[in-house]
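Student: This is what each chain is made of:
There are 2 protein chains.
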Amino acid sequence: MKATVVTIGDEILIGQIVDTNSAFIAKSLDKIGIEVYEMLSVSDDREHILETLSSLQNDSDVVIITGGLGPTKDDITKKTLCEYLNDELVTDPLVLAHVTELIEGFFKRPITQINKDQALVPSKSQVLFNKVGTAPGMWMEKENTVFVSLPGVPFEMKYLIENEVIPRLVSKFNRPYIVHKTIRTYGIGESLLAEQIESWEDNLPDFIKLAYLPSPGQVRLRLSARGTNEGALYLELDRQVEKLHEIIGEAIVGFDDGETIEVVLGKLLKEKGLTLSTAESCTGGKIAATLTSVSGSSAYFTGSVVSYATETKVNVLKVPQELIDKHSVVSVAVAEAMALGIQQLMKTDYALATTGNAGPNKGDADAEVGTVVVAMATPNGVYSEEFNFGQPREKVIDRAVTKALEKIYKEILKN
Amino acid sequence: MKATVVTIGDEILIGQIVDTNSAFIAKSLDKIGIEVYEMLSVSDDREHILETLSSLQNDSDVVIITGGLGPTKDDITKKTLCEYLNDELVTDPLVLAHVTELIEGFFKRPITQINKDQALVPSKSQVLFNKVGTAPGMWMEKENTVFVSLPGVPFEMKYLIENEVIPRLVSKFNRPYIVHKTIRTYGIGESLLAEQIESWEDNLPDFIKLAYLPSPGQVRLRLSARGTNEGALYLELDRQVEKLHEIIGEAIVGFDDGETIEVVLGKLLKEKGLTLSTAESCTGGKIAATLTSVSGSSAYFTGSVVSYATETKVNVLKVPQELIDKHSVVSVAVAEAMALGIQQLMKTDYALATTGNAGPNKGDADAEVGTVVVAMATPNGVYSEEFNFGQPREKVIDRAVTKALEKIYKEILKN
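From first to last, the protein sequence lines are chains A and B.
The working numbering applies: residue 1 is where the first sequence begins, and numbers increase by one.
The working numbering applies: residue 1 is where the second sequence begins, and numbers increase by one.
Derived by calculation from the structure, the hints in this document are not laboratory data.
Fair warning: there could be bad hints in the mix.
Dumping the calculated DSBU-like pairs for lysine-lysine here, alpha-carbon to alpha-carbon at most 35 Å [as the list claims (entries may be wrong)]:
hint	chain 1	residue 1	chain 2	residue 2
1	A	K272	B	K318
2	A	K181	B	K108
3	A	K362	B	K347
4	B	K272	A	K407
5	B	K407	A	K318
It should be emphasised that the depicted structure is a prediction, and the values quoted were computed from it without experimental measurement.
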């Protein structure tokens with residue numbers, strides 16, 4: 001079974017907006033075992049749309065189209081689909097009543113011809129009733145292909161996918177089961193990880209595919225199993241994850257897309273009733289911002305001192321000036337003094353500190369661009385490690401944030 | 001001239017990640033007058049890739065491909081491109097030296113065969129040297145089409161587009177002139193802005209297009225002029241911007257894509273020799289992180305206290321406990337005390353403070369979800385303003401950050 005997702009709209013082709021609809025549709029189809037073979041973005045242009053439709057005819061079982069259903073002149077999807085299907089546009093009375101109610105009852109505006117035209121649909125289409133907007137979705141069949149047309153406004157598209165499109169696809173098509181499992185690893189680079197798990201990967205059964213999804217400081221591994229016996233797929237995935245755990249257990253932090261390091265760390269701190277604070281120089285507050293992006297983080301995170309200036313390190317964090325003079329601001333000694341300083345100031349069980357040079361220039365710190373020292377103050381003492389995260393600046397900061405969170409998570413887990 | 005952008009990767013087709021690369025590439029091409037005719041996302045599948053390449057052969061002048069260049073087994077773009085071009089993979093000595101230096105010199109790991117294979121490129125390709133990663137970009141020509149292959153990691157792709165691909169395209173192809181001008185506005189919502197500038201917009205000449213690019217707390221207006229006389233385009237754009245300035249001058253903060261509020265504010269502080277510190281509760285360090293994302297920010301930004309816990313407000317920022325008891329943590333009184341507290345602690349000319357409830361729950365603060373107070377301590381006194389930024393959590397935080405930076409920028413500008 002083959003599905004194609006088509007986005008129509010000039011704003012995507014000039015890069016003005018990022019197409020997020022296609023990912024949502026793909027994820028929804030994937031959940032019911034329908035594979036998206038290809039995604040396409042085309043312009044609001046009659047010939048381009050017609051060409052695209054006929055190239056997909058009988059090649060895709062389902063074509064899901066978003067965009068171009070608005071009321072303005074540049075929206076030509078409906079008219080063009082109708083032309084492609086040799087059909088004519090007729091007014092759907094239920095949609096017209098709904099549009100009238102929305103415009104006159106809700107927005108309190110007189111209804112115009114442009115509004116009324118929203119209720120026009122190809123005569124042979126099935127209307128996908130759009131409760132949350134004025135443009136209806138449409139389900140059309142031609143030979144061996146189903147064409148579904150949806151508005152491009154994300155929440156209207158989502159409403160129609162969930163409430164109208166998915167139920168119809170489920171009842172129309174027989175599909176295999178697809179089960180996914182994501183494994184979040186931290187602290188091992190992609191190629192090193194690939195080497196460590198090579199023989200495990202080589203021995204995966206044919207019906208399981210593995211993908212590597214790297215981002216700064218972490219790699220997500222995604223296993224996808226496909227088959228007709230759903231229970232067997234789950235069992236086999238669990239078995240494979242268990243094997244993987246034996247090889248790289250230390251690097252595995254979570255299993256779900258939502259289980260980011262800040263979420264997993266937050267859960268652990270809450271569970272153990274522990275508190276955390278941070279003293280940040282080169283990360284500039286981003287560790288704090290990442291921790292507080294999790295709702296409920298006030299239960300374990302007391303706060304941070306972003307000590308960008310040397311005086312702040314001395315005056316607020318009580319780092320001895322002699323230490324800075326002797327070792328420079330980017331040093332193990334200063335990082336550890338910062339961690340101890342914030343731990344004491346905020347009276348927390350654990351504390352993290354960072355100092356480094358994120359670049360692009362060497363600055364007065366005398367440390368190479370990309371050098372970062374991460375220190376942890378724990379109830380049992382203070383530890384630190386020096387890294388070099390290269391460049392550019394943005395990457396150095398992101399990697400330092402991820403590394404700091406990873407280190408403290410693994411430290412607390414040990415105790 | 002016709003360009004196509006192709007993304008390769010199963011993770012996109014199952015909706016696990018949103019493709020942001022294509023929009024970046026389209027925007028970059030658009031700036032130099034190259035129109036993207038279509039965007040495609042295809043799977044990590046040999047036949048599918050080959051089919052796609054041959055369907056674009058001689059139909060597109062340029063095909064820009066991202067993804068599938070990683071070191072792992074699911075990455076097959078390079079091998080498949082090589083097969084398509086009837087070429088063979090050879091080791092590029094410069095790339096090998098760079099990869100070796102990165103792995104051994106920088107990551108301090110022994111180099112492996114997988115790493116070395118990153119230096120393999122089709123013998124007839126031009127290498128686009130990737131300073132910021134291990135996978136090189138490649139420029140290949142076949143008949144009337146240029147194929148460019150880039151890594152999918154966004155910052156590597158961006159580096160190569162800006163430094164290698166765009167300059168080569170500019171020198172290879174004749175294009176009409178497209179001149180863009182971006183106007184950054186802060187503090188007026190999109191529809192109100194549209195109303196205020198309606199008659200200006202209606203009177204724009206035909207060869208100038210206007211786009212609205214809204215994001216939390218700001219709207220960028222982009223003017224694009226297209227024609228054969230570059231000088232005339234610049235002149236007309238300047239004329240139009242001047243007119244616009246007469247209408248909404250107060251809201252305009254910068255004119256360039258790089259002139260974000262944090263960059264413009266930083267320049268202003270530097271120019272005037274002033275310093276800034278922040279005390280953040282609901283923004284959790286994100287104002288500091290935003291300020292320090294600008295290199296050289298240590299010249300004017302001394303640091304921040306992220307006072308997530310009430311005790312931190314009292315102990316570190318010296319906010320009187322009675323004030324909190326009387327007015328609650330989310331209040332004008334507490335926000336102003338925080339601003340004064342950090343101004344004094346860090347001895348800065350200006351200080352910003354935020355306190356609020358970012359949600360999703362009401363919590364113990366008793367303030368409605370979305371409520372944020374922004375306070376500014378200046379050399380002449382302390383000022384504050386209360387906002388409601390709605391929800392979700394992420395949007396509340398982002399809007400609070402933008403609003404705080406906007407307020408202090410406009411305040412300093414006045415003096």
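Student: Now tell me if each hint is right for this structure.
Tutor: Results for each hint:
no. : hint            : result
1   : A:K272 - B:K318 : holds (30 Å)
2   : A:K181 - B:K108 : holds (32 Å)
3   : A:K362 - B:K347 : holds (26 Å)
4   : B:K272 - A:K407 : violated (41 Å)
5   : B:K407 - A:K318 : holds (32 Å)
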